[in-house]
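Quick mapping for you: the protein sequence lines, in order, are chains B and V.
The UniProt record's numbering applies: residue 1 is where the first sequence begins, and numbers increase by one.
The UniProt record's numbering applies: residue 1 is where the second sequence begins, and numbers increase by one.
In short, the hints are calculated from the structure, not lab data.
Incorrect hints may appear among the rest.
Derived DSBU-like pairs (lysine-lysine); straight-line CA-CA distance at most 35 Å [said to hold, decoys possible]: (1) Lys238/B x Lys296/B; (2) Lys181/B x Lys296/B; (3) Lys321/V x Lys267/V; (4) Lys167/V x Lys398/B; (5) Lys181/B x Lys167/V; (6) Lys349/B x Lys296/B; (7) Lys181/B x Lys324/B; (8) Lys79/V x Lys237/B; (9) Lys167/V x Lys267/V; (10) Lys267/V x Lys89/B; (11) Lys237/B x Lys167/V; (12) Lys267/V x Lys398/B; (13) Lys89/B x Lys127/V; (14) Lys324/B x Lys296/B; (15) Lys167/V x Lys238/B; (16) Lys237/B x Lys324/B; (17) Lys181/B x Lys89/B; (18) Lys237/B x Lys296/B; (19) Lys267/V x Lys238/B; (20) Lys79/V x Lys324/B; (21) Lys324/B x Lys89/B.
Residues of chain B clear of chain V, computed beta-carbon distances all greater than 12 Å [as the list claims (entries may be wrong)]: (22) Glu38; (23) Glu57; (24) Glu199; (25) Pro300; (26) Ala362.
Derived coverage of chain V by chain B (criterion: at least 3 residues anywhere in the stretch with Cβ under 8 Å from a Cβ of chain B; other residues may be distant) [what the hints assert, rightly or not]: (27) 68-76; (28) 282-290.
All residues carry an ideal CB built from backbone N, CA and C; glycine is no exception.
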Amino acid sequence: MKKSLRFGSAIAIAAVASLTLASCGFGGGDGDDSASGETTLDLLVPSYSDATQGLWEDVIDGFEDANPDITVNLEVQSWDNLESVIATKIQGGEAPDIYNGGPFAGFVADELLYPVEDVVSPDTFSDFQDSFLANAEVDGTAYALPLIASARALFVNNALLQQAGVEAPTNWDELLDAATKVSALGGGVAGYGMPLGSEEAQAEAAVWLWGGGGTFGDAETITVDDPSNLPGAEQVKKMIDAGATQADPGSTQRSPLMDIFIQGKIGMQVGLPPTVGQIAEGNPDLDYSIVPIPTKDGSPFTLGVMDQLMAFQNDGDKQEAITKFFDYYYSADVYVPWVQSEGFLPVTKSGAEALSGEEALAPFLEVLPGAQFYPSTNPQWSATDAAFKALFGQIQTKPAQDVLTEIQAQSDAG
Amino acid sequence: MSTTSDASSTRAGAAESRPRPGGSPAEPGRPKKRGGRDLLHSLPWIGPALILIFGVVLYPAIVMFYNSTRDISISGIDKGSVGFDNYVEVFSFPYFWPIFGRTIVWVVVVVAVTVLISLGLAQILNKAFPGRRIVRLAVIIPWAASVVMTTMVVYYGLEPYFGIINKFLVDIGLVDTPEGYGWTRNPATAFAWSIVVAIFVSLPFTTYTILAGLQTVPGEVLEAAKMDGAGPVRTYWAVVLPQLRSALAVAVLINIINVFNSLPILKVMTGSIPGYDADTIMTMIFKYIQNQHKVDVASALSVVAFVIVIVIVAIYVRVVKPMKEV
Numbered sequence: 001m002k003k004s005l006r007f008g009s010a011i012a013i014a015a016v017a018s019l020t021l022a023s024c025g026f027g028g029g030d031g032d033d034s035a036s037g038e039t040t041l042d043l044l045v046p047s048y049s050d051a052t053q054g055l056w057e058d059v060i061d062g063f064e065d066a067n068p069d070i071t072v073n074l075e076v077q078s079w080d081n082l083e084s085v086i087a088t089k090i091q092g093g094e095a096p097d098i099y100n101g102g103p104f105a106g107f108v109a110d111e112l113l114y115p116v117e118d119v120v121s122p123d124t125f126s127d128f129q130d131s132f133l134a135n136a137e138v139d140g141t142a143y144a145l146p147l148i149a150s151a152r153a154l155f156v157n158n159a160l161l162q163q164a165g166v167e168a169p170t171n172w173d174e175l176l177d178a179a180t181k182v183s184a185l186g187g188g189v190a191g192y193g194m195p196l197g198s199e200e201a202q203a204e205a206a207v208w209l210w211g212g213g214g215t216f217g218d219a220e221t222i223t224v225d226d227p228s229n230l231p232g233a234e235q236v237k238k239m240i241d242a243g244a245t246q247a248d249p250g251s252t253q254r255s256p257l258m259d260i261f262i263q264g265k266i267g268m269q270v271g272l273p274p275t276v277g278q279i280a281e282g283n284p285d286l287d288y289s290i291v292p293i294p295t296k297d298g299s300p301f302t303l304g305v306m307d308q309l310m311a312f313q314n315d316g317d318k319q320e321a322i323t324k325f326f327d328y329y330y331s332a333d334v335y336v337p338w339v340q341s342e343g344f345l346p347v348t349k350s351g352a353e354a355l356s357g358e359e360a361l362a363p364f365l366e367v368l369p370g371a372q373f374y375p376s377t378n379p380q381w382s383a384t385d386a387a388f389k390a391l392f393g394q395i396q397t398k399p400a401q402d403v404l405t406e407i408q409a410q411s412d413a414g
Numbered sequence: 001m002s003t004t005s006d007a008s009s010t011r012a013g014a015a016e017s018r019p020r021p022g023g024s025p026a027e028p029g030r031p032k033k034r035g036g037r038d039l040l041h042s043l044p045w046i047g048p049a050l051i052l053i054f055g056v057v058l059y060p061a062i063v064m065f066y067n068s069t070r071d072i073s074i075s076g077i078d079k080g081s082v083g084f085d086n087y088v089e090v091f092s093f094p095y096f097w098p099i100f101g102r103t104i105v106w107v108v109v110v111v112a113v114t115v116l117i118s119l120g121l122a123q124i125l126n127k128a129f130p131g132r133r134i135v136r137l138a139v140i141i142p143w144a145a146s147v148v149m150t151t152m153v154v155y156y157g158l159e160p161y162f163g164i165i166n167k168f169l170v171d172i173g174l175v176d177t178p179e180g181y182g183w184t185r186n187p188a189t190a191f192a193w194s195i196v197v198a199i200f201v202s203l204p205f206t207t208y209t210i211l212a213g214l215q216t217v218p219g220e221v222l223e224a225a226k227m228d229g230a231g232p233v234r235t236y237w238a239v240v241l242p243q244l245r246s247a248l249a250v251a252v253l254i255n256i257i258n259v260f261n262s263l264p265i266l267k268v269m270t271g272s273i274p275g276y277d278a279d280t281i282m283t284m285i286f287k288y289i290q291n292q293h294k295v296d297v298a299s300a301l302s303v304v305a306f307v308i309v310i311v312i313v314a315i316y317v318r319v320v321k322p323m324k325e326v
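Throw the hints in and build the complete structure from the sequences for me.
So, in C-alpha cells, the structure goes:
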C-alpha cells in the first residue's frame, strides 16, 4: 500500500509538473536571436493581389542581400482576416515589427507604435507627399508611413450608355437619369452598381455622403449623424427606389459586383486604379471609360484611401533594423516597381515623378490632389468603419436618418 | 467440454484471489480508504484525460469567463476589470432578443427536421436492397465534405447573375428577373437556405446513429409483433421507436449542441447582409470579434451562449427523459 501511495504521488507530481511546464510555454515566445548578432524582423502584410507575396519576397531578398545580419519573416494575410490577426498577435504579446494596414489610431492610443521619424532617415521622411503624411499624424506626430494611395473614379460601360442613349453623368440628377435608362434596357442589366455590403460599405457611403457635401468628421470627433450627410443618404435611397441599381444593393459585395461590371452587365460603377488591370485581364474587349465621380452639384471630388506601414515597439532593440528596412523599401528603385505592379498610386515625390507618364493611372493622378480621406487618425474611426460595414446597407429598407443615427450610436459605443 | 472447465477454473481463481491482499474483509471504514487508493491507482489511466480536459476545456473556459469581466481595447490590450459591464452591453443591445429568438428557431427547426428525415432514411437503409452499400456511402458524403465547402457550393449556386440554382429557377420560370433573385442578399431567404444547408450536413451523423439503433432491435421482437397481428404502423410506433430511444437521445443531444454552436454555414450564407436581421448568437459573437474587435463583449456573449446550451439540454433531458429505460 505504501508503495502504491508513493507511486500515486509520483504520478500526481508528474501531472502537476507537466501542467506547470506546459503553461510556461504559453507566455515565453521565442525572442529574436540577438545573441548571435542577428536581428529578425517580422513583417505582417495584407494581400492586395495574387502578386503581393512575390513582390514582398523580392523586396526582402534584395534587403537581406544588402544587410546579411538582418532576417525578415514575411506573413501575408487576406484583408478579411488582417485586423483580427493583428489583434490576436498583440493580445498574445507577439506583435509584428512592421505592419501594413489601415486604421492605426487605436494602436497609437495604446502606445504601441514608434513615431515614424524614429524609424526612417530624414531623407526618406522628406520624400513623402506632405498631404499623405499629414493624414498619418496623431496630435502632430506621424505614427505611420504612407504606403500606397488610391483614388476612385466612375467606370462607365460606353456600349450600354450608348444603347440607352445617355451621356456619362457629372452630377446626381444626370446619374439617376442615366442609370434608370440603362436599367430599363432589361436582360439583367443594371444601371449603377452600388455595393453596400460589408466588404467596403464605408467607401460607397463616403462617395455618396461626401459627394453631397457631408463628412465623417475629423481627428477629434466622428460626425456621421449630421445634417450634411442626409442629402447623400437620401440620394442613395432615391437611386435604389428608382430601380437604378442592381437588386439588393444593401448586401452586395464590391469585388463580385465589379466582376459583373467587367462582364459588361452594369452601366456604371465606382472603381479603383487596379480595376483597369482587372478589366484588361478579364474582359479586354470591354468598351469603357473612366470619368470623375458625379456629385450633387457636379463639383470634382474623389475618395482617397491610403494604406500605411507602421512599426511596433516590441523590444526596443530593433529600431535600427526597422530604419534600414524602411529606407531600403522607399528608395525609388524598390518602391516604384512595387507600387506599379500592384496598380496603385505612389505616395513619395520621387515615385510620383517616375510614374507621371503612366497612361492608365492618369485619370486617377489627376483627381488625387482633391482627394478626401477617411478620418483614420481618430481613435474611433475603427469602430465607425466597422459600423458602416455592418449597418449602412440597411439603407435599402430603413429610413436614411435612422441608419445614420444607428451608425453614429455604434461608433460612439465602440 | 474443455471450454467449460477453463471457464470454471478462471472463475474459481478470481473468487479465490480477491480477498487475499485485503486480509480481514469486513472491516468498517475500509471501503473509504480503498476508494482513495483506487483513485490513485487509476490516475495513470485517467491522468492524461484529466490533463486534456483541464488544458483544452476548462482552462479556455476560465480564460473566457475572465476576459468577459475585463475591458480589452480594440488592439487587444487588457485595461483592467469592469465587473459585469460587458454582460450589460450584451443584454442591452437592441437586437439581442430577436437574435436569441432566431437562435432558438435555428436549433429547433434544424434538429427537428434533421431527426425526422433521418428516421425515414435510416429505415430505408436498414432494409436489404441491391446497391444498399452504395446508397449508404452516398449518405456519408455531406459528412465527409467540409461544411464551408458545401455551403460555398450552395452560396455560389444562389448568386444572382451566375449561380446555377438561380439560373435553373429563372429557366423554369419561378423567378422572373433575368439575373435571378438575391436569395443570400435578404435576411429571411438567406436564413431559410442556411437551415436547409444545416439540415443537409447534419443528416449523415443522425441517420447513422439511428441506423445503429435500428440494428439493435432484435428480429424476434418484430416477428412476435407480426404474429400478434400488429400492422407496420403499429409495429413502428409501439415496438421500433421505443427501442430507438437511446439512439435518438444521443442524436438529438449532440445535434442540439452542434447546431447551436454552428458558425460557418450562417457566416457564409448571411455574411453580406447588413444589420442583425439574420444573426444567431454564434454569428453575433463572431461579429463582435471580427467587426467591432470587442473581445471582452464577445467573451461575455460566449458565456451567455454556454449557459443557454446548458439550459436547452437540461430542459430536453427533463422533459423527454431520454435516458429512461423502456
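**OP:** Just pull the numbers of the violated hints for me, sorted ascending.
**Re:** 7, 8, 13, 14, 16, 17, 24
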